[in-house]
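There are 6 protein chains.
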Amino acid sequence: MAELSAATREALVKVGTSTLTGVLSRRGLKNMFMQRVWPIRPDQPRMVGPAYTMRFIPAREDKAGARPGGPLQRQAMEECPPGHVLVVDARGDARAASAGDLYCGRLKARGCAGIVTDGGLRDTDGIAKTGLPGYHQRPSSPPSPIAHHPLELEVPIGCGGVAVYPGDIIVGDGDGVVVIPADIVDAVAEEALASTLYDEFAEEEVARGRSLVGLFPVVGDDAKRDFEAWKKARGLA
Amino acid sequence: MAELSAATREALVKVGTSTLTGVLSRRGLKNMFMQRVWPIRPDQPRMVGPAYTMRFIPAREDKAGARPGGPLQRQAMEECPPGHVLVVDARGDARAASAGDLYCGRLKARGCAGIVTDGGLRDTDGIAKTGLPGYHQRPSSPPSPIAHHPLELEVPIGCGGVAVYPGDIIVGDGDGVVVIPADIVDAVAEEALASTLYDEFAEEEVARGRSLVGLFPVVGDDAKRDFEAWKKARGLA
Amino acid sequence: MAELSAATREALVKVGTSTLTGVLSRRGLKNMFMQRVWPIRPDQPRMVGPAYTMRFIPAREDKAGARPGGPLQRQAMEECPPGHVLVVDARGDARAASAGDLYCGRLKARGCAGIVTDGGLRDTDGIAKTGLPGYHQRPSSPPSPIAHHPLELEVPIGCGGVAVYPGDIIVGDGDGVVVIPADIVDAVAEEALASTLYDEFAEEEVARGRSLVGLFPVVGDDAKRDFEAWKKARGLA
Amino acid sequence: MAELSAATREALVKVGTSTLTGVLSRRGLKNMFMQRVWPIRPDQPRMVGPAYTMRFIPAREDKAGARPGGPLQRQAMEECPPGHVLVVDARGDARAASAGDLYCGRLKARGCAGIVTDGGLRDTDGIAKTGLPGYHQRPSSPPSPIAHHPLELEVPIGCGGVAVYPGDIIVGDGDGVVVIPADIVDAVAEEALASTLYDEFAEEEVARGRSLVGLFPVVGDDAKRDFEAWKKARGLA
Amino acid sequence: MAELSAATREALVKVGTSTLTGVLSRRGLKNMFMQRVWPIRPDQPRMVGPAYTMRFIPAREDKAGARPGGPLQRQAMEECPPGHVLVVDARGDARAASAGDLYCGRLKARGCAGIVTDGGLRDTDGIAKTGLPGYHQRPSSPPSPIAHHPLELEVPIGCGGVAVYPGDIIVGDGDGVVVIPADIVDAVAEEALASTLYDEFAEEEVARGRSLVGLFPVVGDDAKRDFEAWKKARGLA
Amino acid sequence: MAELSAATREALVKVGTSTLTGVLSRRGLKNMFMQRVWPIRPDQPRMVGPAYTMRFIPAREDKAGARPGGPLQRQAMEECPPGHVLVVDARGDARAASAGDLYCGRLKARGCAGIVTDGGLRDTDGIAKTGLPGYHQRPSSPPSPIAHHPLELEVPIGCGGVAVYPGDIIVGDGDGVVVIPADIVDAVAEEALASTLYDEFAEEEVARGRSLVGLFPVVGDDAKRDFEAWKKARGLA
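Protein chains in written order, with my numbering: chain Y, 1 to 237; chain C, 238 to 474; chain R, 475 to 711; chain H, 712 to 948; chain L, 949 to 1185; chain W, 1186 to 1422.
This is chain Y alone, in the form it adopts within the complex (with noise of 0.2 Å):
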């Protein structure tokens, strides 16, 4: 089971995913932003969690038949670790549903982080209700089986295009959701927040009319030296 430190947790849950991916991008890290994954509702909470995935293949009516100890998506959202964000690989087909309400009530009620799929939830009423935050393509009411057969747990997948390990860091926004490697998650979330709070100091002078020059990208002494005084009239330094 991925750890994830509290102060790390209380970072990123303060922190953007855009600002997550320019801290990446600076790593070298290009690819980690999700494609064509959306928020199942504007106003849901942040998402921060270690990745727990679920891996499907196409369905095929031969491979239907029921499986002992039940189906293994449920087994998932009773094994996902508290803290956690389940990740499933739908192969982007948002044909058949990746899950339902019940099923993210039970991540929701075992302390899990959220629900990311690049294919479809269904009764996203429901899950907006029991207060998971949940990430997918676009709604699916048909139940998985149509089109999906959940293969395995805990394995490497592909998720919006973007690699995910099982112990990654997901992390959600209104925006999308971002991907961190875990060994380089304390750093990263470090400076996404120094970079977060610049980021509202610049806000601050941009409102007020300031040019971005000098000010972003930050160049020369004058930015940095009214950031510091910035900080100190808020008691941040």
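The set of hints was computed from the structure by calculation and includes no laboratory data. Yeah, the Cβ is synthetic: ideal placement off N, Cα and C, and Gly gets one too. Treat the hints with caution; some may be incorrect.
Claimed, not checked - Computed beta-carbon distance windows for the label pairs: (1) W:R1252 x H:G781: 18 to 26 Å; (2) W:G1296 x R:A540: 33 to 41 Å; (3) L:E1138 x Y:K63: 18 to 26 Å; (4) H:A948 x W:A1251: 24 to 32 Å; (5) C:P318 x R:R510: 50 to 58 Å; (6) W:R1221 x L:E1138: 46 to 54 Å; (7) R:E477 x C:E315: 19 to 27 Å; (8) W:G1296 x Y:D221: 56 to 64 Å; (9) W:K1416 x Y:R36: 34 to 42 Å.
Stated by the list, open to error - Here are the computed lysine-lysine pairs in the DSSO-like style, where the Cα-Cα straight-line distance is at most 27 Å: (10) C:K267 x L:K978; (11) Y:K63 x L:K978; (12) R:K504 x H:K774; (13) H:K840 x L:K1179; (14) Y:K224 x R:K603; (15) L:K1011 x W:K1417; (16) C:K267 x Y:K63; (17) H:K774 x L:K1180.
Knowing the structure of chain Y, use the given hints to seat chains C, R, H, L and W on it.
Relative to the frame of chain Y, chains C, R, H, L and W by itself:
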């Protein structure tokens, strides 16, 4: 004109498209949910009614002249029976509109139940104000004739990848639109209503921490017995 | 710098893109509505202003070095004239952002009217907070250089499948974005305003049960006469 | 049954779809070339004939039963008049076949001129052996009922994004398929034949190094005069 | 290692994918033909063999280091058993290659039966020269690591929208690729061979002018009797 | 006018796009192969030359008038320098043609090296007859102005998702088109030629049964030593 009993209509208003696609799938109907067809507003009322259909083909300059009796679309708005849903085959082409706010206002005033197209609707603000539930692929402001020629009414069509026959029952919720054959709609509605009640029970159980094992899918007698007790406590059984 | 009279701007704020595409279509301009370009927030203010354009081409590693004078995007934010709309040709590629909240904040602070891209915007929460109307294909958190190289400003471009020349008038509402040639904008706005007034009249008539026949499209004298009376009753004629 | 004079047919066999779309465009018909519809073999003979149409809608399990009189597709193969082209509206869906080699063999044996679908054809080797020109989106081996329900014959349809009315003249070459309204086909063919002759002249001139200026598009008298001489030298004028 | 009897292999080489999808569909297997997967050359030999699978996930810069034992793709080329078909899950992503001519040459030299990917192959001229049948979405010259990370061998995968389990029988012809479950392949091959013989008979009949009625689909005794006579005349019955 | 040494041109004619993308990738250039751009004929000669560019934007009815000096496309055909490749940015839109056989014939007559568009070419039979190598997305018969407005020549463009600057070296083979920055083309060509020689050696080795281990990728001294011997035996070292 298709019939829909008051009891069935009342039941269908209470059940979600995810429940209905589940019931239909168990009856062997696997492709009844329209793909890439969304509500124009997330909070619009649910939509239930028999289908009244209109078929578009691609526009052609030599067929663009005025039609005696006025535009066929207008005829659709004047003749779609009260309680019915106008379903438009726009070949998934949203480059120009399938209908706009005046047409939808007329449907509403005449007591129709909604409009569905796999193309686009124009002036969605105006449509939303009429109160008519609308479903489409995406907003599309350009006037219809730029891409579409309305050919005929009340023939079988495709919409969102699903076959729609006049009189099929159309149900829409926040996730999208499902099609139900009229000859099984009573049984489907009844089964869906029962299923919805069980889901309500199961959601409560899950929310208070019960495992999905035995509960969903139902296996063994425990969940059934608890469900009966739950219904009894609410005066439902 | 393009001119837009106060009267025309005032008129355009009141008319929808569906009315404008109708007026333009009657003048033979059939392809003026951007495809797959949406408002970042459903409730953002309408957007009206002359186009100031920026052209992206695909990024290439050997052209990625710093530019003397700073990033071209920043120059766009500093030089887009007040009242104008920055329109970005991102080749429909939303894998990386076209702009973010600081850039949009600067546009807002400088009195610009909005931003439009057929790619993606990043930190849409931040952009929404600035109050600048924004239109894009979908949210895109990754930094711009991952996919885009900003090449030049104020050249004719394509955006959402529509040609945009610097100085064209750009209008956005809840359904999307329309482009109006500057040399006909006054006449188009006037015609659209008159058309909007008639639509308002017709909507009321339809809401109280009047048939569309004769009313829309207008045929015969009845509707015209009633419209004149309706206007007189409101002190509009 | 549509008529096509021997002279016009003979002319159309000699002219390419690029010449025909040019002639049609000058007459205001801008959307007559099917998009994403290709010849099944690069070297198949050209195809000319009036359209006989078949319309598919999406398959549905409750409509899949046998049809009295046999499959509608077979009826199409038996009734498509000699000299005609069978044009199939498959909604651009190539997941299952629109027709196969036996059906196409029957069309060939009955003297039909070709088959066109915006879906897929199966057993293209077998079709090629029959000698019938075939056009489709891509090969598709699965049997038709997996995705398609053949609904009706001889109605207006869309195919490859183009409206096709029964009796329209269909012409196919190595690049694709163009649709010509029957009421102008004689004039279109005549103009296209003349245009083709000029192209032949111009190609020779260009091949020997002549500039395009004045030659294409034709401006001034030089090219016209040389063309007259060229025709005279070949006994064509 | 999967088994495939000589008789079944011999039968499968003679039957087309259209016949096989027909047989599979009658057994309830509706989704066994890969979508958008084509032969690299129209005239390559048919391909038959059990599947040996390789799974790609999206590339990620922090996982790009050298692998002890060399690239996993190379291991696939060295270990895919003779007679088998290497089937690659490239998530339908053809931006970078799944394999090239040296890898395919090694497969050929080791007696493998072919290669299939739903991504792209590079140096298709070189692959064609090796004589190994290859199937892909489109040519793709860029080296594999630009988009793909080879994760594992011999697991169930999706390819062209079809589930492929190690040991499934893969058959390719000029139209594409079909997947046959190993446990029914003998019966499927036998049925397909009989069906192919009937098709050959029917094609001859059709070519000489016989109607499809009664012949295809077979209804009544006439066609059966004639088929028996046809076979007898050829010493086949 | 860009320079390309005879030696480098000669080398580039001998190497494939797969080798070149490999060399470019090792130098950090990951996105130099055009996506969805194919040769118009499988057997056309290879294409090598510096890029001369043309940029299209979407057509607009109010910009459609005749241009003093004639169409810009024609100017491109008359001014593209001998030995150069005309590369057209058609925004990936193949609904109308980028060029046809007369234009391509003029390029050929003037000694140009080829034409590339990410849209479509018309009259591909005619183009093939001129002998000019052509690359496009798919055949497109409709005349260019239906979708395209030619805006300017010799500016940086995007084509097939790749940035192309005037003077970049363009190489096309049976798989597609690669772009090489002019300032490194000599070194790239040299490295690619050496790599191609090694590939030739390795292909022979593989064909006679040698394992890929050690050979590809090269590890240890055995393969190097054998390669030297192989070259010596052919008088190449």
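27 Å limit on alpha-carbon distance, applied to hinted pair R:K504 and H:K774: violated, 40 Å
Under the criterion that the straight-line Cα-Cα distance not exceed 27 Å, is the pair C:K267, L:K978 satisfied? Status holds; Cα separation ~12 Å.
Cβ distance range 19 to 27 Å for R:E477 and C:E315, holds or violated: 45 Å Cβ-Cβ, so the 19 to 27 Å window is violated.
Supplied distance hint 56 to 64 Å, evaluated on CB atoms of W:G1296 and Y:D221: Holds - the Cβ-Cβ distance for W:G1296 and Y:D221, about 58 Å, lies within 56 to 64 Å.
Holds or violated: C:K267 to Y:K63, with C-alpha atoms at most 27 Å apart: With a Cα-Cα distance of about 17 Å, the restraint between C:K267 and Y:K63 holds, given a limit of 27 Å.
Could one say that the CB atoms of W:R1221 and L:E1138 fall in the range 46 to 54 Å? Since the Cβ atoms of W:R1221 and L:E1138 sit about 41 Å apart, the hinted range of 46 to 54 Å is violated.
Measure nothing beyond the straight line between the CA atoms of L:K1011 and W:K1417; if it is 27 Å or shorter, mark the hint as holding. violated, 40 Å
Within 27 Å, alpha carbon to alpha carbon, are Y:K224 and R:K603? Within the cut-off at roughly 24 Å; holds.
Is it true that C:P318 and R:R510 lie within 50 to 58 Å of each other by Cβ? Distance hint for C:P318, R:R510 is violated at roughly 35 Å.
Taking 34 to 42 Å as the hint, is the beta-carbon distance of W:K1416 and Y:R36 inside that range? violated, 50 Å
Pair hint outcome, H:K774 versus L:K1180 [Cα-Cα no greater than 27 Å]: Violated - the C-alpha atoms of L:K1180 and H:K774 are around 39 Å apart, more than 27 Å.
Taking only the CA atoms, is the gap from H:K840 to L:K1179 under or equal to 27 Å? holds, 22 Å
Against the hints set out earlier in the document, violations occur for numbers 1, 5, 6, 7, 9, 12, 15 and 17.
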